[in-house]
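Q: Sequence:
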Amino acid sequence: MKTDPDLASAARRRFLGALGLGVTCTGAVTGAAALGLSAAVSAKTDASAPGGSFPTQDYDWTKHRWGFGVDVNKCIGCLRCVEACKAENDVPRNAHQFRTWVERYVHVEGEAAMRIDSQQDPVNIAASGSQKEYRFANRYQGAKVDKAFFVPKLCNQCSHPACVQVCPVGATYQTVDGIVLVDDKRCIGCRYCVQACPYGARYFDEKRGVPDKCTWCYHRITKGLNPACVDACPTGSRVFGDMLDRNSPVSLFVRNNRVQVLKPESGNSPNVFYVGLDKEVS
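Residue numbers in the sequence shown follow the numbering used here, run continuously in steps of one, and reach 282 at the last position.
Among the clues, some could well be false.
In silico PhoX-like cross-links for lysine-lysine, where the CA-CA straight-line distance does not exceed 20 Å [unchecked claim]: (1) 132 / 74; (2) 185 / 207; (3) 207 / 86; (4) 223 / 153; (5) 207 / 132; (6) 63 / 147; (7) 207 / 74; (8) 153 / 132; (9) 153 / 63; (10) 153 / 86; (11) 263 / 279; (12) 132 / 86; (13) 147 / 74; (14) 63 / 223.
The following label-pair restraints were derived from C-beta to C-beta distances [said to hold, decoys possible]: (15) 169 / 90: 22 to 32 Å; (16) 62 / 139: 42 to 52 Å; (17) 143 / 185: 43 to 53 Å; (18) 109 / 279: 29 to 39 Å; (19) 266 / 169: 15 to 25 Å; (20) 168 / 140: 23 to 33 Å; (21) 256 / 225: 42 to 52 Å; (22) 108 / 168: 28 to 38 Å; (23) 252 / 282: 18 to 28 Å; (24) 209 / 108: 14 to 24 Å; (25) 126 / 188: 34 to 44 Å; (26) 123 / 280: 16 to 26 Å; (27) 256 / 63: 16 to 26 Å.
For the record, the hints were derived by calculation from the structure and aren't laboratory data.
We put the beta carbon where it would ideally sit given N, CA and C, even for glycine.
When you get a sec, could you build the whole thing from the sequences and use the hints?
A: Rendered as structure tokens:
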């Protein structure tokens, strides 16, 4: 399927065409109007097989618009989501490269600033005893804690993805159903996308020589499955579904809760919707 490009996409294609890169970028994306999540962005629309659409002939990406929800009030910081993601997506088994991660926010009585750490913190790595397993150290035992909570984070699959805009070769692109992916064969490893992401959701895979990121397990969701992190969560903190289906888990989540997004001022229009975000979270 081909869609009409907007002016920015057309200008970008002409620029890349002049460099002989032959990048195809079209767009048509909608989001949650209440949060300003609507606009046209660059999208990859070439089908992988006659009569079908990427990634398989049986999947029609024009009939889906994926969304993700996170209930901060339910997250217990068990990090099963992180381990499931690593196993499912062959993410390097170390404590420094992740497609999804969890941050712990703790306010100790008498302190002005919130303390923030994640599974990458050296104290937490030591507590787990391995860089392949992840735990939060009980470092606040005995401390007077006013409040504490965990915030899962991952790629926001933005409607206006900055990473797509800065990629000079079109290796980072957005699918018609709203997922931002990386074409490893086209990527030149410049890391512009890593720097452009306001959420820190990308890392550079030195072994492969390309950036990597969460794809909401695109290979699973296009087959009717949930992302691995959603299935692994024991408390239902993570919610996933099709925004075009009014009765999907994520549609009900957005409709029945007062949701927020991270860094709305960035203009990226993220599509991960949070419940229970504290003002300290960014």
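Q: Determine for every hint whether it applies to the structure shown.
A: So, going through the hints one by one against the coordinates:
1. 132 / 74: 24 Å, violated
2. 185 / 207: Cα-Cα ~14 Å, so holds.
3. 207 / 86: Holds. Residue 207 to residue 86 sits at ~16 Å (cutoff 20 Å).
4. 223 / 153: This hinted pair is violated, its Cα atoms lying about 24 Å apart.
5. 207 / 132: 17 Å, holds
6. 63 / 147: Not satisfied, since the Cα-Cα distance of roughly 42 Å exceeds 20 Å.
7. 207 / 74: 36 Å, violated
8. 153 / 132: 19 Å, holds
9. 153 / 63: 26 Å, violated
10. 153 / 86: Within the cut-off at roughly 14 Å; holds.
11. 263 / 279: 11 Å, holds
12. 132 / 86: Distance ~9 Å between residue 132 and residue 86 Cα, so the pair holds.
13. 147 / 74: Holds: residue 147 and residue 74 sit about 15 Å apart, inside 20 Å.
14. 63 / 223: Holds: residue 63 and residue 223 sit about 13 Å apart, inside 20 Å.
15. 169 / 90: 22 to 32 Å: 24 Å, holds
16. 62 / 139: 42 to 52 Å: 49 Å, holds
17. 143 / 185: 43 to 53 Å: 50 Å, holds
18. 109 / 279: 29 to 39 Å: 18 Å, violated
19. 266 / 169: 15 to 25 Å: 23 Å, holds
20. 168 / 140: 23 to 33 Å: Hint violated: Cβ distance 45 Å, outside 23 to 33 Å.
21. 256 / 225: 42 to 52 Å: 24 Å, violated
22. 108 / 168: 28 to 38 Å: For residue 108 and residue 168 the Cβ distance comes to about 45 Å; the hint is violated.
23. 252 / 282: 18 to 28 Å: 27 Å, holds
24. 209 / 108: 14 to 24 Å: Since the Cβ atoms of residue 209 and residue 108 sit about 42 Å apart, the hinted range of 14 to 24 Å is violated.
25. 126 / 188: 34 to 44 Å: 37 Å, holds
26. 123 / 280: 16 to 26 Å: Hint holds: Cβ distance 20 Å, inside 16 to 26 Å.
27. 256 / 63: 16 to 26 Å: Between residue 256 and residue 63, where Cβ atoms are some 24 Å apart, the hint holds.
This entry does not satisfy hints 1, 4, 6, 7, 9, 18, 20, 21, 22 and 24, going by the numbered hints stated previously.
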